[in-house]
Structures are given as structure tokens and as C-alpha cells.
Amino acid sequence: MRYSYKTQMTCSSQIDFDINDGIITNISFIGGCNGNLKAISKLVDGWSAQQISDKLAGNLCGRRPTSCADQLAKAVCQAYEKEKAQS
Numbered sequence: 107m108r109y110s111y112k113t114q115m116t117c118s119s120q121i122d123f124d125i126n127d128g129i130i131t132n133i134s135f136i137g138g139c140n141g142n143l144k145a146i147s148k149l150v151d152g153w154s155a156q157q158i159s160d161k162l163a164g165n166l167c168g169r170r171p172t173s174c175a176d177q178l179a180k181a182v183c184q185a186y187e188k189e190k191a192q193s
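The opening residue of the sequence shown carries number 107 in my numbering; numbering runs sequentially from there.
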């Protein structure tokens, strides 16, 4: 299932990815720090939603209360819950 998440309080505005049985692939960010977000997307491609959340949740950007990585953690958890509910 393709999932889109509108980010909050970050330079990126949206995160798109595929989720299949809790596994996240094909992650892309709209906006944000292009090189860093491409790197994060490649590093966590194929990880479970839980693994991504465990590694990236709570990561902050400067004085902001969140970051693009933290938003990805929130997005994959939300997508996983939606996926489980549809099963």
C-alpha cells in the first residue's frame, strides 16, 4: 500500500512510502534537506516500521520539537496501524 504523510514543523512537507506487512520501502520526501533525506531513505529501506521508529523517533532538528527523521518514525507507525486495521 502506498502511504502519504503530511509532515509538521519540518522543512519537508510530505513523506511518501510503500508499506507491505509492516515493511517500509520506496521512501521519498517532498522538500527538506535533499541529500540527507535521500540518505535516510536508502538506509532504512526494507526495515520494519518498528525498526524505523526505534531508531528515529525523538530525533530533533535544532530547536524544533521534531525533525524529518522523527516525522518518518511517526508516519510509518501511523501507516502500520492503518495497515493492521485493514487486515
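Warning: the hint list may mix true and false statements.
[Said to hold, decoys possible] DEER-style ranges, computed between Cβ atoms:
hint, residue 1, residue 2, range
1, 127, 170, 28 to 34 Å
2, 132, 165, 30 to 36 Å
3, 140, 191, 30 to 36 Å
4, 193, 169, 17 to 23 Å
5, 129, 168, 17 to 23 Å
6, 117, 190, 19 to 25 Å
7, 191, 168, 18 to 24 Å
8, 190, 169, 30 to 36 Å
9, 145, 124, 17 to 23 Å
10, 190, 145, 18 to 24 Å
11, 190, 122, 30 to 36 Å
12, 136, 171, 18 to 24 Å
[Claimed, not checked] As a list, the in silico DSS-like pairs of lysine-lysine whose alpha-carbon atoms are at most 30 Å apart:
hint, residue 1, residue 2
13, 161, 148
14, 188, 148
15, 144, 188
16, 112, 161
17, 190, 144
18, 190, 180
19, 190, 148
20, 148, 180
21, 161, 188
22, 161, 180
23, 161, 190
24, 180, 144
The set of hints was computed from the structure by calculation and includes no laboratory data. Being a predicted model, the structure only gives us computed values, none of them experimental. Ideal placement from N, C-alpha and C gives every residue a C-beta, glycine not left out.
Hints and how they fare:
The hint said 28 to 34 Å for the Cβ distance between residue 127 and residue 170, and at roughly 32 Å that hint holds. In this structure the supplied range 30 to 36 Å is violated for residue 132 paired with residue 165, their Cβ-Cβ distance being about 21 Å. At roughly 33 Å, the beta-carbon separation of residue 140 and residue 191 lies within the given 30 to 36 Å, and the hint holds. Between residue 193 and residue 169 the C-beta distance comes to about 40 Å, which lies outside the given range of 17 to 23 Å.
At about 31 Å, the CB distance of residue 129 to residue 168 disagrees with the hint of 17 to 23 Å. At roughly 30 Å, the beta-carbon separation of residue 117 and residue 190 lies outside the given 19 to 25 Å, and the hint is violated. Residue 191 and residue 168 have their C-beta atoms about 35 Å apart, which leaves the hinted 18 to 24 Å range violated. Against the hinted window of 30 to 36 Å, the Cβ-Cβ separation of residue 190 and residue 169 comes to about 35 Å, which satisfies the hint.
Taking 17 to 23 Å as the suggested C-beta distance range, the pair residue 145 and residue 124 conforms, at roughly 19 Å. Taking 18 to 24 Å as the suggested C-beta distance range, the pair residue 190 and residue 145 does not conform, at roughly 29 Å. For residue 190 and residue 122, the hinted distance range of 30 to 36 Å is not satisfied, since their beta carbons lie about 20 Å from each other. Checked against the given bound of 18 to 24 Å, the beta carbons of residue 136 and residue 171, roughly 21 Å apart, stay inside it.
Note on residue 161 and residue 148: the hinted pairing holds, with a Cα-Cα distance of about 14 Å set against a maximum of 30 Å. Distance hint between residue 188 and residue 148 is fulfilled; the C-alpha atoms sit about 24 Å from each other, no more than 30 Å. Taken as a hint, the residue 144 and residue 188 pair is honoured in the structure, with Cα atoms around 25 Å apart against an allowance of 30 Å. Restraint check: the Cα-Cα separation between residue 112 and residue 161 comes to about 20 Å, which is no more than 30 Å; the hinted pair holds.
Simply put, residue 190 and residue 144 have alpha-carbon atoms about 27 Å apart, close enough for the 30 Å limit, and the pair holds. Distance check on the hinted pair: residue 190 and residue 180 sit about 16 Å apart at the alpha-carbon level, within 30 Å; holds. A distance of roughly 25 Å separates the Cα atoms of residue 190 and residue 148; the hinted pair therefore holds under the 30 Å criterion. For the suggested pair residue 148 and residue 180, the alpha carbons sit about 18 Å apart, so the restraint of at most 30 Å is met.
Pair hint residue 161 plus residue 188 holds up; C-alpha atoms about 21 Å apart against a cutoff of 30 Å. Between the alpha carbons of residue 161 and residue 180 the distance comes to roughly 12 Å, so the proposed pair stays at or under 30 Å and holds. For a cut-off of 30 Å, the pair hint linking residue 161 to residue 190 stands: about 21 Å separates their Cα positions. Between residue 180 and residue 144 the CA atoms are separated by roughly 18 Å; this keeps the pair inside 30 Å, and the hint holds.
Checked against the numbered hints listed earlier, the structure breaks hints 2, 4, 5, 6, 7, 10 and 11; every other hint is satisfied.
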